[in-house]
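Using the sequences and the accompanying hints, generate a full structural model.
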Amino acid sequence: MARRVLVVEDSASTRAFVRAVLEGETFAQRLGGAEVTEAKSGFEAMRMLPRGPYDLIITDINMGDINGLELIAFVRKNEHHKSTPLVIISTQSTERDVERGMALGANKFVAKPFAAEQLVEACAEVLEAHHG
Amino acid sequence: MAEQGGGKGESDRAREEFLSEAQELIDGLGRDVLALDELSKVGRSDPELINDVFRAVHTLKGLSGLFGASMMSGLSHELEEVLDDLRLGRIELSQRVLDVVFRAVELYGMLLGVERGNGMDLSSDIEALLVSLGEVSHRGRAGGASPVAQYELDPGLLGVLTEYEEHRLRTNIQNGMSLYKLRVAFPLATIDSALDELKANARPHGEIITYLPTGGGSDADAIELEILIASKESVDTLRSALSGHQLAIEEVPRRPASPGARTSLPPMARLSVPAAPSFGPEAGTQLVADVARVPIASLAPPPDRDLTLRSVTQTVRVDIRKLDHLMNVVGELAIVRTELMAVVDRLRNRAEMRPLMQELLRLHRSFERHLEQMQGGILEVRMVPLGQVFEKLARVVRQLSREHDKQVNLVITGAETELDKLIVEELSDPLMHMIRNALDHGIESRDERLRAGKPPVGTIALNAFQKGNQVLLEVEDDGRGMDPKQIADVALRRGILTPDEARDLSVRDALSLIFRPGFTTREEATDLSGRGVGMDVVKTNIGKLGGVVEVSSDLGIGTKVTITLPITLAIISVLFVEVAGRTYAMPLTSVEEAIVYDQTATRTFEGREVMTVRGATLPICSLSRLFGHTTSSPPPHGFVVVTSVGNRRVGFIVDSLIGQQDIVIKALGRTLRGTRGFAGATELGDQRVALVLDASALVEEAFAEKERAA
Numbered sequence: 079m080a081r082r083v084l085v086v087e088d089s090a091s092t093r094a095f096v097r098a099v100l101e102g103e104t105f106a107q108r109l110g111g112a113e114v115t116e117a118k119s120g121f122e123a124m125r126m127l128p129r130g131p132y133d134l135i136i137t138d139i140n141m142g143d144i145n146g147l148e149l150i151a152f153v154r155k156n157e158h159h160k161s162t163p164l165v166i167i168s169t170q171s172t173e174r175d176v177e178r179g180m181a182l183g184a185n186k187f188v189a190k191p192f193a194a195e196q197l198v199e200a201c202a203e204v205l206e207a208h209h210g
Numbered sequence: 009m010a011e012q013g014g015g016k017g018e019s020d021r022a023r024e025e026f027l028s029e030a031q032e033l034i035d036g037l038g039r040d041v042l043a044l045d046e047l048s049k050v051g052r053s054d055p056e057l058i059n060d061v062f063r064a065v066h067t068l069k070g071l072s073g074l075f076g077a078s079m080m081s082g083l084s085h086e087l088e089e090v091l092d093d094l095r096l097g098r099i100e101l102s103q104r105v106l107d108v109v110f111r112a113v114e115l116y117g118m119l120l121g122v123e124r125g126n127g128m129d130l131s132s133d134i135e136a137l138l139v140s141l142g143e144v145s146h147r148g149r150a151g152g153a154s155p156v157a158q159y160e161l162d163p164g165l166l167g168v169l170t171e172y173e174e175h176r177l178r179t180n181i182q183n184g185m186s187l188y189k190l191r192v193a194f195p196l197a198t199i200d201s202a203l204d205e206l207k208a209n210a211r212p213h214g215e216i217i218t219y220l221p222t223g224g225g226s227d228a229d230a231i232e233l234e235i236l237i238a239s240k241e242s243v244d245t246l247r248s249a250l251s252g253h254q255l256a257i258e259e260v261p262r263r264p265a266s267p268g269a270r271t272s273l274p275p276m277a278r279l280s281v282p283a284a285p286s287f288g289p290e291a292g293t294q295l296v297a298d299v300a301r302v303p304i305a306s307l308a309p310p311p312d313r314d315l316t317l318r319s320v321t322q323t324v325r326v327d328i329r330k331l332d333h334l335m336n337v338v339g340e341l342a343i344v345r346t347e348l349m350a351v352v353d354r355l356r357n358r359a360e361m362r363p364l365m366q367e368l369l370r371l372h373r374s375f376e377r378h379l380e381q382m383q384g385g386i387l388e389v390r391m392v393p394l395g396q397v398f399e400k401l402a403r404v405v406r407q408l409s410r411e412h413d414k415q416v417n418l419v420i421t422g423a424e425t426e427l428d429k430l431i432v433e434e435l436s437d438p439l440m441h442m443i444r445n446a447l448d449h450g451i452e453s454r455d456e457r458l459r460a461g462k463p464p465v466g467t468i469a470l471n472a473f474q475k476g477n478q479v480l481l482e483v484e485d486d487g488r489g490m491d492p493k494q495i496a497d498v499a500l501r502r503g504i505l506t507p508d509e510a511r512d513l514s515v516r517d518a519l520s521l522i523f524r525p526g527f528t529t530r531e532e533a534t535d536l537s538g539r540g541v542g543m544d545v546v547k548t549n550i551g552k553l554g555g556v557v558e559v560s561s562d563l564g565i566g567t568k569v570t571i572t573l574p575i576t577l578a579i580i581s582v583l584f585v586e587v588a589g590r591t592y593a594m595p596l597t598s599v600e601e602a603i604v605y606d607q608t609a610t611r612t613f614e615g616r617e618v619m620t621v622r623g624a625t626l627p628i629c630s631l632s633r634l635f636g637h638t639t640s641s642p643p644p645h646g647f648v649v650v651t652s653v654g655n656r657r658v659g660f661i662v663d664s665l666i667g668q669q670d671i672v673i674k675a676l677g678r679t680l681r682g683t684r685g686f687a688g689a690t691e692l693g694d695q696r697v698a699l700v701l702d703a704s705a706l707v708e709e710a711f712a713e714k715e716r717a718a
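From first to last, the protein sequence lines are chains A and V. Taking my numbering, the leading residue of the first sequence gets 79, the next gets one more, and so forth. Taking my numbering, the leading residue of the second sequence gets 9, the next gets one more, and so forth.
Here are the simulated lysine-lysine pairs, BS3-like style, with alpha carbons at most 27 Å apart:
#, chain 1, residue 1, chain 2, residue 2
1, V, 400, V, 552
2, A, 160, V, 189
3, A, 186, A, 160
4, A, 118, V, 207
5, A, 155, V, 207
6, A, 118, V, 330
7, V, 189, A, 155
For the record, the hints were derived by calculation from the structure and aren't laboratory data.
What follows is the structure, given as structure tokens:
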């Protein structure tokens, strides 16, 4: 069964890359494929959230309007999404921001740049943990 | 879809997306850095701009890593450190830092070229830059104790600040600003633009540190935000500045000096309970009391604003080849239109078909109108402002003027002038060349200028403007100018010019010698008080775009190089003419007029065949002879198409004029591509093909022919 994934990222090519990974074969074999929804800003993500539920949220931190941390805080406060597995994709240099993200309730951090397998691995980990 | 997986096609697309996104980021970066440089000249800075630069590099770093562009990613990594230091106030925005950042922007452009496969080796350049980056960065120097603790700020809010936002908060507090919390609810659909408006209104009064969605609000279609803003204004001033927005403003109180005596303000978290139906004064809070409670439904925008509000997401990036394809389709449709008209004409002669013919004619007109609109529409999409190229040039001027220690003002006008995207892309190298020459050879040293009684700072003007169907670009300097005699001497030495030719050489012809191949080489260019570095290449490249380059110069006063270009490459208006039974298309941009050929008005003058037209002498040339058709002598009843390219005019003798039309020009096939004198081909309505003449090559050919004959 395909997983519904919300990808929040302000860079179009990173979104395209993440989409390619999620819709790729490895992900399909391990996790049954993905149905990807893209959001290119925190606000757009908030607009997309009510169209969920999502099985997984992947978000960047440094974004134009509301930052990823604020989005994570918002997601965790929301009745419908408070336990949705959430993966941060960000560069290592924003270490302190990543720490905060994890403290706010993110489940996993994947440092950019990452290889396709790393992302699949991280998704598998949080999805499997979530479903027990 | 999910089962199929993202095969190679998807990754290729992602890679293409990467290249174009990186290009956009680098362009934006260049613009921002240039703006920072301008600000720093007047001793100012802009934290938002610095943060934009940081974020662009941050994104580039992520991207290049993802797509295996290791050098770009390495450079970004180091650059990001420096920019991070800069935005977090660890280092100052000095001239030196700016230089390094400029160099990085330049290298980014080259690295992207490498990613596109131009095979340059940049490793030593990168190496050198990494060293300079290391020198300017101040790793690990931490800031002092946080002044943020003085304020009654909710830990929930502080917990979602990024490091950068925290830094801005600290800086603002240190600068003596007061902190305010705004609460406002926006409809989800229009939040981006509504927020932009709020930002614009707030900007003159302070700096927005962060936006935090509270999770409150009764309506699923609205977002309630808590906005932290730092301002020197009082709460009343701020409130009236933002009175157009329906929001609540509250000053964040400072903690009393003595700990223990806390104010009665409860943590913000209490206000943002998810279930809270709306915001407003609650017991025990110090929210300003007079703010009206606004039902969220009433915040929906009036319907007429709907269009502008969505602008953020309304751009698409399109491969220019797709537009070329669409233009070809328009070309096909134009042929259909012509064929349709032929049918109308056939019906015209049949009385019983008259009503049908009229109906068809009406349809034809309507078809034609819509086709024109479509053509116009596609052309418009292809147009981009020249500003894109000018920004790059401004960077080059800045860099060169530092390298050569010559002070130069670059004055740009007409950056908004639009040209076909393909032309704009091809322009950057020739323009770069011309600017380099102006700086290198045109502008004198400071001392030399002072001795000549000129202002010590030189000026290079870059002007662009539209003139009819053409765009004119001028690069003008107030340097030492070029000496026609000296140019002629060099040309003589190089064997480009014969002593005979040199004797009665006009000033203009002398100056245009710099466009001859082999006129001068780089090493020797400095001998000459002018330019000449690769100007033949400039001319060839501009010629390929259907343009012309001309130069004028006054010794001691300055030099002006003018490029004349067609607005677009995709479509041109032509005059169809017949020569020796064949149809040719002459671009109308270079046609001045067509007059009746009068053999009695022609004579030979200085070895050239000329014709007197309204008292002036016009060199003429038979196209039929030029093309080597067997009918050597012009027919007695021909026409002369007066063609001008740059400052040169030639009358081309043709057999007859067919008419003018807008055509879609197509490239010649591989075997014909190198043929001089033809710019391309176009289809005629009756399945035939006509060659499109290359006016500038023909005019040159006509002059050369005369010179050979002489």
